[in-house]
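A.B. asks: Here is what each chain is made of, one letter per residue.
Number of protein chains: 2
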Amino acid sequence: MEYRRIKDQEKDGNGDGSGVVVAVADDIESLRAGKPISGSNVAKLGANAFDRSKWQQKSIVTLALTVLTSSQAILIVWSKRAGKYEYSVTTANFMVETLKCVLSLAALSRIWGSEGVTEDNRLSTTYDEVIVYPIPAALYLVKNLLQYYIFAYVDAPGYQILKNFNIISTGILYRIILKKKLSEIQWAAFILLCAGCTTAQLNSNSDHVLQTPFQGWLMAIIMALLSGFAGVYTEAIIKKRPSRNVNVQNFWLYVFGMAFNAIAMMIQDFDAIANKGFFHGYSFITVLMILNHALSGIAVSMVLKYADNIVKVYSTSVAMLLTAIVSVFLFGFHLSLAFFLGSTVVSVAVYLHSIGKLQR
Amino acid sequence: MEYRRIKDQEKDGNGDGSGVVVAVADDIESLRAGKPISGSNVAKLGANAFDRSKWQQKSIVTLALTVLTSSQAILIVWSKRAGKYEYSVTTANFMVETLKCVLSLAALSRIWGSEGVTEDNRLSTTYDEVIVYPIPAALYLVKNLLQYYIFAYVDAPGYQILKNFNIISTGILYRIILKKKLSEIQWAAFILLCAGCTTAQLNSNSDHVLQTPFQGWLMAIIMALLSGFAGVYTEAIIKKRPSRNVNVQNFWLYVFGMAFNAIAMMIQDFDAIANKGFFHGYSFITVLMILNHALSGIAVSMVLKYADNIVKVYSTSVAMLLTAIVSVFLFGFHLSLAFFLGSTVVSVAVYLHSIGKLQR
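Going down the list, the protein sequences come from chains A and B. Just add 829 to the spot in the first sequence (first one is 1) and you have my numbering. Just add 829 to the spot in the second sequence (first one is 1) and you have my numbering.
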């Protein structure tokens, strides 16, 4: 459960992913080479190829996020089985932010080598551009501090159920802040996604969550709003200047992520770090988890750049179901009837979301 | 649980409901009187009034079926609490069929008094018309006999869950036999209806149903197909001649219902009836249940005449949820988280079904 904290903290902006972009560019090349282009259709075909390239970009980053998120959960189960939980969570969070910064810089230096430094990919920034970048990291910090208090009112499995409010809050804030419309069918699909995910997580003790006191509900809703707001705000930052290189945007997001995580580390674990050392308790699996979280964080950023928060929510929800299915084979888990029903509802929601878009 | 058998048996064709039709006719009168009709719009307004009258007819019979079905389940709970279960179920079934016959005849005699005997409302029939009428009753008889054997493989709560296959089988047979199309969204809604109803019924023991042996699944699917086929076939019979008075059609359906129930009564309860008498163990609540089942049966017929099997399935599913909510107030039941999630999914399904129709 402790590691979940990292999982939550890391869902802000980000992105190396230059490899992904290169792969997509290669695909477009082969697409163009594949068919002879006749005069009058050039413009139309160009637009089609552009649409298709955008669609491919979206698909690849979404797939990457889904795979990384589900392997994240599998690593958590694995680390629980191995009983490796002695490291300091705040240092791991700090390492994740640092690694994301390093990966963004590595991607940038590659781009500078091939394209040269331009207005869109230079690292230097203006006060006006950078002033908004600390906000998502600050929101996550507040949310993570609240997380310690909510357990006074809700137990951990109950909190997992209440966390599905995130889905609804993201949808509402996406509508209000980004002013993007979802069709009626897409709204229906979003409600189904929330109900389906919750159903899939039901177990014999889930009804306890209905006895949550008022303060617990209130905190769960506030936390869902904070988390949704941070996601939507990150999308607004990243999309504000579409031509700006995503690695530069990520670099600045992660720099502030490092700063805020350093504050959390000092508040919570100063003594432990001073006495036992920064890397105390780290194991091979801890390193794997940090690597996975860094890559997932970058994938989230790419999804927000090339798709949106709605796609992100679908992606992480489907990842949750994939994790359970993979766990059957890896760890001998049993799937419940509720899981099958929830998965069915989530699958229909994904289908309706795509149908709803076409009919708009 | 025993009384559920009646509930299942009675879902064939039927209908007094002349009162409902009169009420609708009154509504249309007031609709027409309400607005002055200008020359060129007469045809258009006439069509609108006709559409609206059809819509009202559909709504009223659907509402009647929903209310009757949910009060049915409440009567079952009430009778269980009262511990009144000593009567013979087969005699009750026979009484339900008889009462439906009597009500159909009463409605018919009223119509004959006001309209006179016409080609469409005369009781006498032809061999070609009546030959198909025994088929639904025969199908229900086979299904109810199978019901005794499925309990060798599934327990009663598990059977309640497996019965949700009925929803899917009705949809598929409706498509195949009646050749009516559902839109993609309506299919999605139908899958959601099935998943939502099952979710709402989940309890801590529901996972047992996943251990059902192959024979149990097979029988559940066969029973769902029999039940779906009987419903769809009844709709085909009732809709084959739209101008034919529904009370005549019901009369013939119920006559064969009486005959097949008499056979079941003789096979299963001959000794008990001979020794203790036909009405042994009947109480006030038994009489109420028989009355309710007769009226529900008639409402099903009216829904099949003026709407269709899809509406019937939605209506009975919503009734299931209403029953649970009413039971909270009447019997102090507790609603589970699964119930809330299932109800949400069913509500979205109802919404999508109506949206899906508009967009076709």
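Think of the hints as simulated: they come from the structure by calculation, not from any bench. Hints may contain errors.
[Claimed, not checked] Derived Cβ-Cβ restraints for the label pairs, each shown as a range:
#, chain 1, residue 1, chain 2, residue 2, range
1, B, Phe1160, A, Leu1164, 27 to 35 Å
2, B, Phe1169, A, Leu1164, 15 to 23 Å
3, B, Asn1034, A, Val959, 34 to 42 Å
4, A, Leu974, B, Phe1043, 32 to 40 Å
5, B, Val971, A, Arg881, 21 to 29 Å
6, A, Ser1033, B, Val1155, 58 to 66 Å
7, B, Val906, A, Phe1043, 40 to 48 Å
8, A, Ser1033, B, Leu1159, 21 to 29 Å
9, A, Leu974, B, Gln989, 45 to 53 Å
10, B, Asn1034, A, Phe1043, 27 to 35 Å
11, A, Ile1051, B, Phe1043, 43 to 51 Å
The model shown is predicted, which means the values in this text are computed figures rather than measured ones. Glycine included, C-beta positions come from ideal geometry on N, C-alpha and C.
A.B. asks: Now, for every hint given, state plainly whether the structure supports it.
C.D. replies: Results for each hint:
{"no.": "1", "hint": "B/Phe1160 - A/Leu1164: 27 to 35 Å", "verdict": "holds (33 Å)"}
{"no.": "2", "hint": "B/Phe1169 - A/Leu1164: 15 to 23 Å", "verdict": "holds (22 Å)"}
{"no.": "3", "hint": "B/Asn1034 - A/Val959: 34 to 42 Å", "verdict": "violated (57 Å)"}
{"no.": "4", "hint": "A/Leu974 - B/Phe1043: 32 to 40 Å", "verdict": "violated (53 Å)"}
{"no.": "5", "hint": "B/Val971 - A/Arg881: 21 to 29 Å", "verdict": "violated (55 Å)"}
{"no.": "6", "hint": "A/Ser1033 - B/Val1155: 58 to 66 Å", "verdict": "violated (26 Å)"}
{"no.": "7", "hint": "B/Val906 - A/Phe1043: 40 to 48 Å", "verdict": "violated (32 Å)"}
{"no.": "8", "hint": "A/Ser1033 - B/Leu1159: 21 to 29 Å", "verdict": "holds (26 Å)"}
{"no.": "9", "hint": "A/Leu974 - B/Gln989: 45 to 53 Å", "verdict": "holds (46 Å)"}
{"no.": "10", "hint": "B/Asn1034 - A/Phe1043: 27 to 35 Å", "verdict": "holds (31 Å)"}
{"no.": "11", "hint": "A/Ile1051 - B/Phe1043: 43 to 51 Å", "verdict": "holds (50 Å)"}
Hints 3, 4, 5, 6 and 7 from the list above are not met by this structure, while the remaining hints are.
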